[in-house]
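Trainee: Sequence:
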Amino acid sequence: MKHPKNEIFAERQLGLAHGRQLNLGRCGQLMAIVNVTPDSFSDGGQFGDLDDAFQFALKAMEEGAHILDVGGESTRPGAKPVSPAEEQARVLPVIRRLSAETDAVISIDTYRAETARLAIEAGAHIINDVSGGMADSQMFSVAAEAKAGYCLMHTSRERSVLAAPLEDQLMFLRQQVAEAKRQGIGDHNLLLDPGFGFGKDTGENLDIMAGLRTLQNLGIPLLIGTSRKRFVAALSGGTDNLSRDFGTAATTVLTRLAGGSIFRVHNVAANKAALAFADAMISRGFGEST
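Each residue of the sequence shown is one higher than the one before, starting from 1 at the first, in the UniProt record's numbering.
Simulated from the structure, these hints should not be mistaken for laboratory data.
The C-beta atom is built at its ideal place from N, Cα and C for all residues, glycine as well.
One or more hints might be untrue.
As the list claims (entries may be wrong) - Label-pair distances were calculated between CB atoms; the ranges are: (1) LEU206 x PHE277: 39 to 45 Å; (2) GLU167 x SER137: 32 to 38 Å; (3) THR239 x ARG213: 29 to 35 Å; (4) GLU145 x PHE246: 40 to 46 Å.
As the list claims (entries may be wrong) - Derived SDA-like pairs (lysine to any residue); straight-line CA-CA distance at most 20 Å: (5) LYS181 x GLN21; (6) LYS181 x ALA210; (7) LYS181 x ASP136; (8) LYS147 x GLY123; (9) LYS59 x ALA276; (10) LYS59 x GLY199; (11) LYS59 x ARG97; (12) LYS147 x GLN21; (13) LYS272 x ARG97; (14) LYS181 x ALA144.
I would like the entire structure built from these sequences, with the hints used as guidance.
Mentor: Structure follows, in C-alpha coordinates:
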(Lines of atoms letter the chains of each structure in order from A and count residues from 1; the text may use other names and numbers.)
(Lines give C-alpha, C1' and ligand atoms only; values in the text may rest on other atoms or scores of the structure.)
Protein backbone atom coordinates (compact mmCIF):
# COMPACT_ATOMS: atom_id res chain seq x y z
CA MET A 1 0.00 0.00 0.00
CA LYS A 2 1.30 3.42 -0.97
CA HIS A 3 2.05 5.71 1.97
CA PRO A 4 0.28 9.09 1.63
CA LYS A 5 2.56 12.09 1.17
CA ASN A 6 0.11 14.72 2.41
CA GLU A 7 1.13 15.91 5.89
CA ILE A 8 -2.45 15.88 7.19
CA PHE A 9 -2.36 12.08 6.88
CA ALA A 10 1.09 11.72 8.45
CA GLU A 11 1.40 9.13 11.19
CA ARG A 12 1.39 10.55 14.73
CA GLN A 13 0.76 9.36 18.27
CA LEU A 14 -2.00 10.67 20.53
CA GLY A 15 -0.94 10.55 24.17
CA LEU A 16 -3.47 8.94 26.52
CA ALA A 17 -3.87 8.50 30.26
CA HIS A 18 -2.30 5.46 31.93
CA GLY A 19 0.72 5.63 29.62
CA ARG A 20 -1.09 4.50 26.47
CA GLN A 21 -0.90 5.94 22.97
CA LEU A 22 -3.18 5.85 19.94
CA ASN A 23 -1.75 5.79 16.43
CA LEU A 24 -3.37 8.37 14.15
CA GLY A 25 -2.85 9.38 10.56
CA ARG A 26 -2.48 6.40 8.24
CA CYS A 27 -5.97 5.06 8.94
CA GLY A 28 -9.09 6.64 10.38
CA GLN A 29 -10.14 5.56 13.87
CA LEU A 30 -13.73 4.83 14.91
CA MET A 31 -15.13 6.00 18.25
CA ALA A 32 -18.33 4.18 19.22
CA ILE A 33 -20.96 6.16 21.11
CA VAL A 34 -22.05 4.43 24.32
CA ASN A 35 -24.81 6.63 25.76
CA VAL A 36 -25.76 5.51 29.26
CA THR A 37 -28.68 7.94 29.26
CA PRO A 38 -32.48 7.78 29.12
CA ASP A 39 -32.82 10.75 26.75
CA SER A 40 -30.11 10.85 24.08
CA PHE A 41 -31.51 12.27 20.83
CA SER A 42 -30.72 9.07 18.93
CA ASP A 43 -30.58 6.06 21.22
CA GLY A 44 -31.66 7.19 24.66
CA GLY A 45 -32.68 4.38 26.96
CA GLN A 46 -31.07 1.63 24.92
CA PHE A 47 -28.11 1.19 27.26
CA GLY A 48 -29.49 2.22 30.64
CA ASP A 49 -28.44 -1.12 32.15
CA LEU A 50 -24.76 -1.85 32.90
CA ASP A 51 -24.75 -5.22 31.16
CA ASP A 52 -26.58 -3.84 28.11
CA ALA A 53 -24.01 -1.05 27.78
CA PHE A 54 -21.14 -3.50 28.19
CA GLN A 55 -22.51 -5.92 25.60
CA PHE A 56 -23.08 -3.07 23.15
CA ALA A 57 -19.50 -1.92 23.67
CA LEU A 58 -18.18 -5.43 22.98
CA LYS A 59 -20.24 -5.60 19.78
CA ALA A 60 -18.93 -2.19 18.71
CA MET A 61 -15.36 -3.39 19.20
CA GLU A 62 -16.06 -6.53 17.16
CA GLU A 63 -17.42 -4.32 14.37
CA GLY A 64 -14.28 -2.21 14.31
CA ALA A 65 -14.47 0.48 16.99
CA HIS A 66 -11.06 1.59 18.24
CA ILE A 67 -12.41 3.86 21.01
CA LEU A 68 -15.49 3.68 23.26
CA ASP A 69 -17.01 7.05 24.23
CA VAL A 70 -19.09 6.66 27.39
CA GLY A 71 -21.54 9.44 28.25
CA GLY A 72 -24.05 9.86 31.06
CA GLU A 73 -25.77 13.11 30.08
CA SER A 74 -27.52 13.89 26.82
CA THR A 75 -26.10 16.80 24.81
CA ARG A 76 -29.17 17.15 22.59
CA PRO A 77 -30.75 20.64 22.45
CA GLY A 78 -33.20 21.12 25.31
CA ALA A 79 -32.01 18.08 27.27
CA LYS A 80 -32.51 18.32 31.03
CA PRO A 81 -29.18 18.55 32.90
CA VAL A 82 -28.39 15.78 35.37
CA SER A 83 -26.53 16.14 38.64
CA PRO A 84 -22.84 15.25 38.83
CA ALA A 85 -23.71 12.36 41.14
CA GLU A 86 -26.23 10.93 38.68
CA GLU A 87 -23.84 11.31 35.75
CA GLN A 88 -21.10 9.52 37.68
CA ALA A 89 -23.45 6.76 38.82
CA ARG A 90 -24.27 6.07 35.18
CA VAL A 91 -20.80 6.12 33.62
CA LEU A 92 -18.32 4.92 36.24
CA PRO A 93 -19.55 1.29 36.52
CA VAL A 94 -19.44 0.96 32.72
CA ILE A 95 -15.92 2.38 32.52
CA ARG A 96 -14.66 0.18 35.36
CA ARG A 97 -15.99 -2.95 33.69
CA LEU A 98 -14.65 -2.00 30.26
CA SER A 99 -11.26 -1.26 31.78
CA ALA A 100 -11.18 -4.53 33.70
CA GLU A 101 -12.43 -6.83 30.94
CA THR A 102 -11.21 -5.27 27.67
CA ASP A 103 -8.17 -3.45 26.32
CA ALA A 104 -10.31 -0.76 24.67
CA VAL A 105 -9.33 2.88 24.56
CA ILE A 106 -12.03 4.49 26.70
CA SER A 107 -13.28 8.07 26.42
CA ILE A 108 -15.45 9.89 28.95
CA ASP A 109 -17.95 12.29 27.40
CA THR A 110 -18.33 15.01 30.03
CA TYR A 111 -17.86 18.72 30.63
CA ARG A 112 -17.38 18.26 34.39
CA ALA A 113 -13.82 18.07 35.72
CA GLU A 114 -14.70 15.88 38.71
CA THR A 115 -16.52 13.36 36.53
CA ALA A 116 -13.51 13.33 34.21
CA ARG A 117 -11.11 12.80 37.11
CA LEU A 118 -13.14 9.90 38.52
CA ALA A 119 -13.55 8.38 35.06
CA ILE A 120 -9.79 8.41 34.53
CA GLU A 121 -9.32 6.77 37.92
CA ALA A 122 -11.82 4.12 36.74
CA GLY A 123 -9.77 3.50 33.59
CA ALA A 124 -10.68 6.14 30.97
CA HIS A 125 -7.94 7.42 28.66
CA ILE A 126 -9.54 10.39 26.88
CA ILE A 127 -11.71 13.31 28.02
CA ASN A 128 -14.28 14.35 25.39
CA ASP A 129 -15.42 17.82 26.48
CA VAL A 130 -18.28 19.34 24.47
CA SER A 131 -17.76 22.69 26.20
CA GLY A 132 -14.19 23.07 24.97
CA GLY A 133 -13.02 23.82 28.50
CA MET A 134 -15.58 26.58 29.06
CA ALA A 135 -17.93 24.80 31.48
CA ASP A 136 -15.47 23.90 34.25
CA SER A 137 -12.34 25.88 35.08
CA GLN A 138 -10.66 22.78 36.50
CA MET A 139 -10.98 20.64 33.37
CA PHE A 140 -7.66 21.55 31.75
CA SER A 141 -5.73 20.88 34.95
CA VAL A 142 -7.41 17.48 35.39
CA ALA A 143 -6.49 16.50 31.84
CA ALA A 144 -2.94 17.80 32.22
CA GLU A 145 -2.31 16.00 35.51
CA ALA A 146 -3.53 12.68 34.09
CA LYS A 147 -1.71 13.18 30.77
CA ALA A 148 -5.04 12.18 29.23
CA GLY A 149 -6.10 12.66 25.67
CA TYR A 150 -8.28 15.76 25.61
CA CYS A 151 -10.82 16.60 22.90
CA LEU A 152 -11.66 20.29 22.77
CA MET A 153 -14.90 20.99 20.94
CA HIS A 154 -16.13 24.21 19.35
CA THR A 155 -19.63 25.14 20.41
CA SER A 156 -21.72 28.20 19.57
CA ARG A 157 -24.98 27.39 21.29
CA GLU A 158 -25.34 30.92 22.64
CA ARG A 159 -25.38 32.39 19.13
CA SER A 160 -28.34 32.16 16.79
CA VAL A 161 -26.31 32.86 13.64
CA LEU A 162 -22.61 32.55 12.86
CA ALA A 163 -21.56 35.46 10.66
CA ALA A 164 -18.43 33.58 9.60
CA PRO A 165 -18.48 29.94 10.80
CA LEU A 166 -14.84 29.09 10.05
CA GLU A 167 -13.49 32.35 11.45
CA ASP A 168 -15.58 31.89 14.60
CA GLN A 169 -14.23 28.38 15.00
CA LEU A 170 -10.61 29.33 14.48
CA MET A 171 -10.79 32.20 16.96
CA PHE A 172 -12.39 30.05 19.67
CA LEU A 173 -10.16 27.03 19.10
CA ARG A 174 -6.94 29.07 19.03
CA GLN A 175 -7.93 30.74 22.29
CA GLN A 176 -8.83 27.51 24.05
CA VAL A 177 -5.83 25.57 22.71
CA ALA A 178 -3.52 28.29 24.01
CA GLU A 179 -5.15 28.13 27.44
CA ALA A 180 -5.06 24.32 27.50
CA LYS A 181 -1.33 24.38 26.74
CA ARG A 182 -0.75 27.10 29.32
CA GLN A 183 -2.32 24.82 31.93
CA GLY A 184 -0.09 21.92 30.96
CA ILE A 185 -1.88 19.85 28.32
CA GLY A 186 0.72 18.64 25.82
CA ASP A 187 0.49 19.10 22.07
CA HIS A 188 0.47 15.32 21.65
CA ASN A 189 -2.56 14.97 23.97
CA LEU A 190 -4.88 17.31 22.09
CA LEU A 191 -7.76 16.66 19.70
CA LEU A 192 -10.09 19.24 18.15
CA ASP A 193 -13.78 18.73 17.36
CA PRO A 194 -15.42 21.21 14.93
CA GLY A 195 -18.68 20.76 16.84
CA PHE A 196 -21.00 19.81 14.00
CA GLY A 197 -24.61 20.40 15.05
CA PHE A 198 -23.84 22.43 18.16
CA GLY A 199 -25.40 25.87 17.65
CA LYS A 200 -25.07 25.62 13.87
CA ASP A 201 -27.70 25.37 11.16
CA THR A 202 -27.45 23.14 8.09
CA GLY A 203 -25.71 25.75 5.97
CA GLU A 204 -23.16 26.53 8.67
CA ASN A 205 -22.41 22.85 9.17
CA LEU A 206 -21.82 22.47 5.45
CA ASP A 207 -19.61 25.58 5.33
CA ILE A 208 -17.47 24.13 8.11
CA MET A 209 -17.27 20.75 6.40
CA ALA A 210 -16.29 22.35 3.09
CA GLY A 211 -13.54 24.32 4.82
CA LEU A 212 -12.37 21.58 7.15
CA ARG A 213 -8.79 21.66 5.92
CA THR A 214 -8.54 25.21 7.27
CA LEU A 215 -8.62 23.73 10.77
CA GLN A 216 -5.62 21.60 9.84
CA ASN A 217 -3.57 24.80 10.09
CA LEU A 218 -3.79 24.43 13.87
CA GLY A 219 -1.72 21.25 13.60
CA ILE A 220 -3.97 19.19 15.90
CA PRO A 221 -5.82 15.96 14.92
CA LEU A 222 -9.55 16.32 14.29
CA LEU A 223 -12.36 14.32 15.87
CA ILE A 224 -15.48 14.34 13.70
CA GLY A 225 -18.95 14.02 15.23
CA THR A 226 -21.63 14.14 12.54
CA SER A 227 -23.41 10.91 13.44
CA ARG A 228 -27.20 11.13 13.07
CA LYS A 229 -27.15 14.91 13.49
CA ARG A 230 -30.13 16.97 12.34
CA PHE A 231 -28.33 18.45 9.35
CA VAL A 232 -27.43 14.93 8.19
CA ALA A 233 -31.10 13.95 8.38
CA ALA A 234 -32.08 17.07 6.44
CA LEU A 235 -29.78 16.18 3.57
CA SER A 236 -30.31 12.40 3.58
CA GLY A 237 -34.07 12.80 3.24
CA GLY A 238 -35.20 10.83 6.27
CA THR A 239 -35.38 11.20 10.04
CA ASP A 240 -35.09 7.49 10.93
CA ASN A 241 -31.76 6.17 12.16
CA LEU A 242 -31.08 4.11 9.01
CA SER A 243 -31.40 7.18 6.78
CA ARG A 244 -29.21 9.16 9.15
CA ASP A 245 -26.62 6.36 9.13
CA PHE A 246 -26.41 6.48 5.33
CA GLY A 247 -25.85 10.22 5.51
CA THR A 248 -23.33 9.84 8.31
CA ALA A 249 -21.29 7.36 6.27
CA ALA A 250 -21.14 9.91 3.45
CA THR A 251 -19.83 12.58 5.83
CA THR A 252 -17.27 10.10 7.16
CA VAL A 253 -15.82 9.66 3.68
CA LEU A 254 -15.79 13.41 3.02
CA THR A 255 -14.27 14.41 6.35
CA ARG A 256 -11.68 11.63 6.26
CA LEU A 257 -10.52 12.83 2.85
CA ALA A 258 -10.32 16.34 4.36
CA GLY A 259 -8.00 15.08 7.10
CA GLY A 260 -10.26 13.89 9.94
CA SER A 261 -8.61 11.35 12.25
CA ILE A 262 -11.29 10.02 14.63
CA PHE A 263 -14.96 9.51 13.81
CA ARG A 264 -17.54 9.40 16.62
CA VAL A 265 -20.44 7.24 15.40
CA HIS A 266 -23.49 5.25 16.41
CA ASN A 267 -23.33 2.68 13.60
CA VAL A 268 -19.79 1.30 13.64
CA ALA A 269 -20.17 -1.26 10.86
CA ALA A 270 -21.47 1.23 8.29
CA ASN A 271 -18.76 3.73 9.05
CA LYS A 272 -16.03 1.10 9.02
CA ALA A 273 -16.94 0.43 5.40
CA ALA A 274 -16.94 4.16 4.64
CA LEU A 275 -13.53 4.61 6.24
CA ALA A 276 -12.09 1.65 4.36
CA PHE A 277 -13.05 3.30 1.09
CA ALA A 278 -11.67 6.70 2.12
CA ASP A 279 -8.40 5.23 3.40
CA ALA A 280 -7.97 3.27 0.18
CA MET A 281 -8.25 6.51 -1.79
CA ILE A 282 -5.82 8.31 0.53
CA SER A 283 -3.27 5.51 0.12
CA ARG A 284 -3.44 6.11 -3.63
CA GLY A 285 -2.71 9.81 -3.33
CA PHE A 286 -6.25 11.17 -3.52
CA GLY A 287 -6.26 14.87 -2.68
CA GLU A 288 -2.49 15.30 -2.45
CA SER A 289 -2.52 18.20 -4.87
CA THR A 290 -4.96 20.21 -2.75
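Trainee: Against which earlier hints does the structure fall short, listed by number upward?
Mentor: 1, 2, 6, 10 and 13
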